[in-house]
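Below are the chains, spelled out letter by letter.
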Amino acid sequence: MLLTSTLLAAGVGALLWTGTDAGITALALAATTACLAATGFLPAARYRAWSYQLRERDLVLRRGVLWHAVSVVPHSRIQHVDTRRGPLERWLGLARVVIYTAGSVGGALTIPGLAATDAEALRDHLATIGGGDDAV
Amino acid sequence: MPSEAMAAPTAVARPHRLHAFTLLFQAITIARAFLLPAIAAVLGSADDDVGRMITIGIGVLTVPALVLAIAKYATFRYRLNAAELVIDSGILVHRRRIIPVARIQNIDVQQTWLQRICGVAELRVETAGAERTEAVLSVLGRDVADALRAELLARRADAGAAPPEHAGPPVELLARLSVRDLAVAGATANEAGLVAAILAGGLQLLEDLTRRIPLPDLDPTRLAPATSGVGVALVAAAGLAALALAILVIGWVLSIAGAMIGYYGFTLERVGDELHKRYGLLGRRESSVPLRRVQAVRIEESLLRRPFGLAALKIETAGSAAGGRPRGGAEAFLPIVRVANVPALVESVLDGLDPAGVRIRPVDRLARRRLAIRYTAPVLFLTAALTPFFGTGWLLLLGLVPPGLFLADRGYRHRGWAVGDGFVIARNGFLNRITWIVPEHKIQTLHLRQTPFQRRHGLATLTVDTASGGRGEARVIDLAREDAEALLESLARRVAP
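Protein chains in written order, with my numbering: chain A, 1 to 136; chain F, 1 to 497.
Hints listed in this document are in silico derivations from the structure and should not be mistaken for laboratory results. Any given hint could turn out to be false.
Per label pair, the in silico range of CB-to-CB distance [claimed, not checked]:
hint: 1; chain 1: F; residue 1: Phe390; chain 2: A; residue 2: Leu27; range: 20 to 26 Å
hint: 2; chain 1: A; residue 1: Glu56; chain 2: F; residue 2: Glu482; range: 21 to 27 Å
hint: 3; chain 1: A; residue 1: Arg90; chain 2: F; residue 2: Pro343; range: 53 to 59 Å
hint: 4; chain 1: A; residue 1: Pro112; chain 2: F; residue 2: Ala384; range: 40 to 46 Å
hint: 5; chain 1: A; residue 1: Gly131; chain 2: F; residue 2: Leu254; range: 48 to 54 Å
hint: 6; chain 1: A; residue 1: Glu56; chain 2: F; residue 2: Arg369; range: 34 to 40 Å
hint: 7; chain 1: F; residue 1: Pro343; chain 2: A; residue 2: Pro112; range: 56 to 62 Å
hint: 8; chain 1: A; residue 1: Thr25; chain 2: F; residue 2: Arg374; range: 32 to 38 Å
hint: 9; chain 1: F; residue 1: Leu386; chain 2: A; residue 2: Leu27; range: 50 to 56 Å
hint: 10; chain 1: F; residue 1: Ala384; chain 2: A; residue 2: Leu66; range: 20 to 26 Å
hint: 11; chain 1: F; residue 1: Gly57; chain 2: A; residue 2: Gly131; range: 53 to 59 Å
hint: 12; chain 1: F; residue 1: Arg493; chain 2: A; residue 2: Leu66; range: 26 to 32 Å
hint: 13; chain 1: F; residue 1: Arg369; chain 2: A; residue 2: Thr25; range: 38 to 44 Å
Among the chain A residues that face chain F by a calculated CB cut under 7 Å, a handful are [stated by the list, open to error]:
hint: 14; residue: Pro43
hint: 15; residue: Arg57
hint: 16; residue: Asp58
hint: 17; residue: Ala69
hint: 18; residue: Val70
hint: 19; residue: Val72
hint: 20; residue: Pro74
hint: 21; residue: Thr101
hint: 22; residue: Gly103
hint: 23; residue: Ser104
hint: 24; residue: Thr128
hint: 25; residue: Ile129
hint: 26; residue: Gly131
Keep in mind it's a predicted model, so treat the numbers as computed, not measured. Every residue, glycine too, gets a C-beta built ideally from N, C-alpha and C.
Use the sequences and the hints to build the structure in full.
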């Protein structure tokens, strides 16, 4: 969302700034249209692509519209769990859950866009079932 | 002396200071930081008032730095209690750091060549949680450092879950590298040797060419007017090639000498449940890692080493988990090893896991096509874009297509994976083939990723993440999606039974 709005702003800026050259104007117009379309399409697609599934022994996260990713976090490997809220998220009543493991690549995994109460409940639940054998 | 502390482990031990030479080494550090620039300033601008002012300024700054160093030394104390290392420091704000012995990951005793002459050493203690080295005792007397390390190791073993028999843990020599081994390691450490050989061949060819063209003798006074343009170009090319060759040969020799000196007397052994390694001719390094901290083993076989059946072995241990600078990673390693000896070594390091009989399986055939597209598409695109505008000369770019196809084929062949009894293997890379062996019970998280291109081919990449702080990760690239999903699920089940 942030990316598309930035691009959108850049597109509009370019449009205003380079009023003279027809070719560049057309290009900027096309870019702006594409950004508008992306802004309309991407958040919904991202939202649909995002899911998490709490299973008996692990947590499965799925995300990505073009680049798909599935992550499996065994409960026993959870080091600690955070909830985080930015200003925009606070305004919308949302929160993120951040799950930390000792892993070097996927050290922190995020579940964004949860209702604040759900996020807190999930955090507490993960904190109680998590840990035990960090294998370090 | 720590030996007294050992005599009465239950009592609160007496605090110790660092070795008095600490001051000397602090002074040297300060001198390097302040005085050398000052000297440079003096030499650079002897008749310049500004230069002199800078010099005096720097000189004045060294005084507080020295005072600070002395105060730090005077306030620094360490002591070894029954189950913890306690370090007091701080001039105005007192700080006490307590490191439980059971939490210690790695104990390093290091010496630079100067410290070696002075008979002192630096002791570094690392724990899992910290982003940096938890405690640095710099410097201690060599004997004190060794005794303290031995004592810490002994107490850590006592504090651990399975204390070894006190008759002294069994020592198993895993590898001892001779000077010849190290020379081979240095000679094959990078591609310099190979490039030098190719360049030497090229130079020979150039010489032959220049000889065939009738050139006047190379007396510089007569050279310029007498030679043809082609001759000059060839001579210049030969000169450049000779220069490059000389640089490469020097680099190569330095690499060999560096390996021989740096890794002199390299010894890796298993002492009870720990890996000990030591090496170095001028400086000396000793360190130990508990086997249970080993996260994975990485076998690196470069293009240059593969024909000789040689590899480097990296033993990944838990590094700084939380962000931070990746520390060490491969804290235990072998700079050179025969591939034939690797399975036995791995079995010893990974405590019984046996990779010897495991057959490595290829990834999906479509991987070859994907690599071929990746390596040739940019060339084809460039050719198509440039040729209509800038002439048919750009069609020569198509010459890059066959090498691209070759690389794609090699890339595919060198990818592989396997699941053995208690571990998973992932292998990648043609120029530097890296094989990861990850014990199941060390897996942290699992990831399945698909780029848009992979989705088009129905492929996926499986990443096996461990707590190793080192570079890279174990990845099985381009499995068929169903196979990757099945592998993901079966590994997930094994991690958390």
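Do the hints match the structure? See the list:
no.	hint	verdict
1	Phe390/F with Leu27/A: 20 to 26 Å	holds, 23 Å
2	Glu56/A with Glu482/F: 21 to 27 Å	holds, 23 Å
3	Arg90/A with Pro343/F: 53 to 59 Å	holds, 56 Å
4	Pro112/A with Ala384/F: 40 to 46 Å	holds, 41 Å
5	Gly131/A with Leu254/F: 48 to 54 Å	holds, 49 Å
6	Glu56/A with Arg369/F: 34 to 40 Å	holds, 39 Å
7	Pro343/F with Pro112/A: 56 to 62 Å	violated, 45 Å
8	Thr25/A with Arg374/F: 32 to 38 Å	holds, 36 Å
9	Leu386/F with Leu27/A: 50 to 56 Å	violated, 22 Å
10	Ala384/F with Leu66/A: 20 to 26 Å	holds, 25 Å
11	Gly57/F with Gly131/A: 53 to 59 Å	holds, 55 Å
12	Arg493/F with Leu66/A: 26 to 32 Å	holds, 30 Å
13	Arg369/F with Thr25/A: 38 to 44 Å	holds, 41 Å
14	Pro43	violated, 19 Å
15	Arg57	holds, 4 Å
16	Asp58	holds, 6 Å
17	Ala69	holds, 5 Å
18	Val70	holds, 4 Å
19	Val72	holds, 4 Å
20	Pro74	holds, 4 Å
21	Thr101	holds, 5 Å
22	Gly103	holds, 3 Å
23	Ser104	holds, 6 Å
24	Thr128	violated, 16 Å
25	Ile129	violated, 11 Å
26	Gly131	violated, 12 Å
When each numbered hint is compared with the structure, violations occur for hints 7, 9, 14, 24, 25 and 26.
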